[in-house]
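Trainee: Each protein sequence line maps, in turn, to chains A and B.
Take any residue in the first sequence, note its place counting from 1, add 89, and you have its number in the working numbering.
Take any residue in the second sequence, note its place counting from 1, add 250, and you have its number in the working numbering.
Hint data in this document are derived by calculation from the structure and do not stem from the laboratory.
Careful, some of the hints might be misleading.
Okay, the calculated beta carbon distance ranges per label pair [said to hold, decoys possible]:
#1 A:114 x B:680: 43 to 51 Å
#2 A:188 x B:269: 23 to 31 Å
#3 A:163 x B:601: 49 to 57 Å
#4 B:274 x A:195: 41 to 49 Å
Part of the chain B face toward chain A, derived, beta carbon under 7 Å [claimed, not checked]:
#5 379
#6 386
#7 402
#8 405
#9 406
#10 408
#11 409
#12 412
#13 416
#14 417
#15 420
#16 423
#17 424
#18 427
#19 431
Remember, it's a predicted structure, so these values are computed and weren't measured experimentally.
We put the beta carbon where it would ideally sit given N, CA and C, even for glycine.
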Amino acid sequence: MSIDLGIVAYNLSFLLMLLGIYCALSHSDIIKVVCGLSISSYGVTLFVIQIGYTQSGSTLASGAVVPSVDPLMEALVLTAVVIETGFMMLMLAIGIRIFQEEGHMDLSLLRRLRG
Amino acid sequence: MSNLYYLVVLPLIGALLSLVLARWRRASILMTSLILGALVVSVITVGIDVFDHGIVTESVGGWPVGTGLGMALDLLGVVIVAAVTGLSATSFIYFSGKAQSDERQSIFYSLVFFLVAGLMGMTLVTDIFNLFVFVELSSVSACVLVSYNRRSEDFEAALKYLVLETISSFIFLGGIVLVYDQVGSLNMGVIGVFMRNESGNIMSDISVAMMAIGLGLPAAIFPLHTWLPDAFSRAPSSIAALLAGASKLVCFYAIVRLFSQVIGLNSVSILRLIPWIGLATALFGALMALVQVDIKRLLGYTTIASGGLALALAGIGTSRGFQGLVLHMINSAPAKAVLFLSAGCLIYGLSVRDFREMKGAWSAMPGVCLAFLVGCLADLGGPSLGFFSKAYMMFAFVETSALMGLVGGLSTVLIAASYIRVVQVLVSSPASGDGAGSIPNAMLVAIGALVASIVLLTFLFWPLISFAETTSLQIIDGMRLIAAMVGI
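Okay, chain A solo, but in the shape it has when bound (with noise of 0.2 Å):
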């Protein structure tokens, strides 16, 4: 009996998004919850990596056709890693101004709106 590791690897991908985002949901401090948003984003980076994977993918190179992956999907990963390097950073810099005004970053103590 033989395993698809491409199916697992796509599992395994979705698993590290999904305990990113349950990192980022069960902590109250705003370091722990960029740390597992984060981690989330890795998981999807990896997910589209790998959907560019193909066995007999080629492209034209400087003339001459050679063995290679989706290049669409490079393309991709690379304006994604960058809106979620934006996201992260406006949130530790929202986290710090907290910091600043109330002295503390612990989110289950901000809990002025609420209803």
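Please build the complex by placing chain B on the supplied structure of chain A, with the hints as guidance.
Mentor: Here is chain B on its own, set in the frame of chain A:
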């Protein structure tokens, strides 16, 4: 030959120039007005082109259509770009009243231009990855704008929005990649043809659901709505008006375009849930609005409710439903904006956020209260274009099923009840002789312009209804947009 990409490029130039010109106040105001004027001119030229040809497409960089970064605009899209342009101009005018002593106003202008560029891009693009990029561009700038006043609660609201938006963007990206794995293309048209031919595939259900989560969070669909009341109540009023009027409109347009028009409501089985999710959103938002005391928070929940009604209309898929949707979109953009702007004026003049303490506001600020009343009437189907939008909406619900009509009618009545609670306090006699502070003229000009546009739309109801009929035919016949996107 039209130039659709000006609609995205002009706001980006504005965003850059307002940072460069930060030192020179007059120059930056002049530049902002020039960019907005150019934007209005290009919306008018593009609009005339779309009315002549039905759908206008363009491929950026001279590639054949369907290969490079494509842009397409249809009749409903013209309404959306016009609403985004008009509401951004109003919010600039409103903000300039407050900004006399504000040193950071260049940052505000730059971020609003980024937001407008993201919204224009979401309306125009024809491939799902660039849709993702523009969604993230507009949400990041919206997040920063929510915390513009830099109070502690503002950062809390912005952080909540940002964390949820990050998670939903990962799910959106996963959905896009899953679609690419099945279809082999990111072009919406190719995806639409694939989904229409391969119905009943479990992977298309999963990927469409993931994309719906990515678009549903910025559109604040139940149960992804929790960020909206916080963000809208803490944002500066000009931004709350722009987000409620334009940003939500664009998100619903993206949902209509991708799911109702291109993929087709019958080809993926999970899309049949859309009307019920929309009605759940409407009922929940209307119920929560009843118990609010903060006036902007109440308006946030009614925004969720009217968005839910729009989603239900988009998911029914009948021609009457789409007619109601077009009228609802045209009507709710100025109505929501005028509600948030006049609520902002009331808060500015009386320095209270709790509407129960706004007794006697009518005698202190009759004009602003009248504008609030006009906004309420237009939003809940009083004598205005809102009446026709609500009439078509109820017809569409009752035609589909009696239960839908019941839930839709109930949520409309509940929204009306929460507006009546506010208006009743505003017109009651003053509790004390506490006078209102003076309101800058620019704020009143912005509110007056929106009220004038509501009145104008009311008198134009007959041409607008026939426009809604033409547009609904175009939405139902999704193959035309698919052909324009693929480039046949």
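Trainee: Would you mind marking each hint as holding or not holding in the structure?
Mentor: Evaluation of the provided hints:
Range check, residue 114 of chain A to residue 680 of chain B: Cβ separation about 47 Å, and the 43 to 51 Å hint holds. Checked against the given bound of 23 to 31 Å, the beta carbons of residue 188 of chain A and residue 269 of chain B, roughly 27 Å apart, stay inside it. For residue 163 of chain A and residue 601 of chain B, the Cβ-Cβ distance of about 55 Å falls inside the hinted range of 49 to 57 Å, so the restraint holds. As the Cβ distance of residue 274 of chain B to residue 195 of chain A is approximately 43 Å, the hint placing it in 41 to 49 Å holds.
Taken as an interface hint, residue 379 of chain B checks out: its beta carbon lies about 6 Å from the nearest beta carbon of chain A, inside 7 Å. Restraint check, residue 386 of chain B versus chain A: the minimum CB separation of about 5 Å is within 7 Å; hint holds. At a threshold of 7 Å, the smallest CB-CB gap from residue 402 of chain B to chain A is about 4 Å, leaving the interface hint in force. For residue 405 of chain B, the shortest C-beta to C-beta distance to chain A is roughly 5 Å, which falls under 7 Å, so the interface hint holds.
Interface hint at residue 406 of chain B: satisfied, since its Cβ lies 5 Å from the closest Cβ of chain A, which is below the 7 Å cut-off. Annotation: interface hint on residue 408 of chain B holds; nearest CB of chain A at approximately 6 Å, less than 7 Å. Nearest Cβ of chain A to the Cβ of residue 409 of chain B: about 5 Å, under the 7 Å cut. The hint holds. Interface hint status for residue 412 of chain B: upheld, as the beta-carbon distance to the closest one in chain A is roughly 5 Å, under 7 Å.
The beta carbon of residue 416 of chain B is positioned within 7 Å of a beta carbon in chain A (closest approach about 5 Å), and the interface hint is therefore held. For residue 417 of chain B, the interface hint holds, since its Cβ comes within 7 Å of a Cβ in chain A; the closest pair sits about 6 Å apart. Nearest Cβ of chain A to the Cβ of residue 420 of chain B: about 5 Å, under the 7 Å cut. The hint holds. Restraint check, residue 423 of chain B versus chain A: the minimum CB separation of about 5 Å is within 7 Å; hint holds.
Among the interface hints, the one on residue 424 of chain B holds; its C-beta lies about 6 Å from the nearest C-beta in chain A, closer than the 7 Å criterion. Hint on residue 427 of chain B holds. Least Cβ distance to chain A is approximately 5 Å, under the 7 Å limit. Using the Cβ-Cβ criterion of 7 Å, the hint placing residue 431 of chain B at the interface with chain A is satisfied: the shortest such distance is roughly 5 Å.
When the structure is compared with the earlier hints, no violation turns up for any of them.
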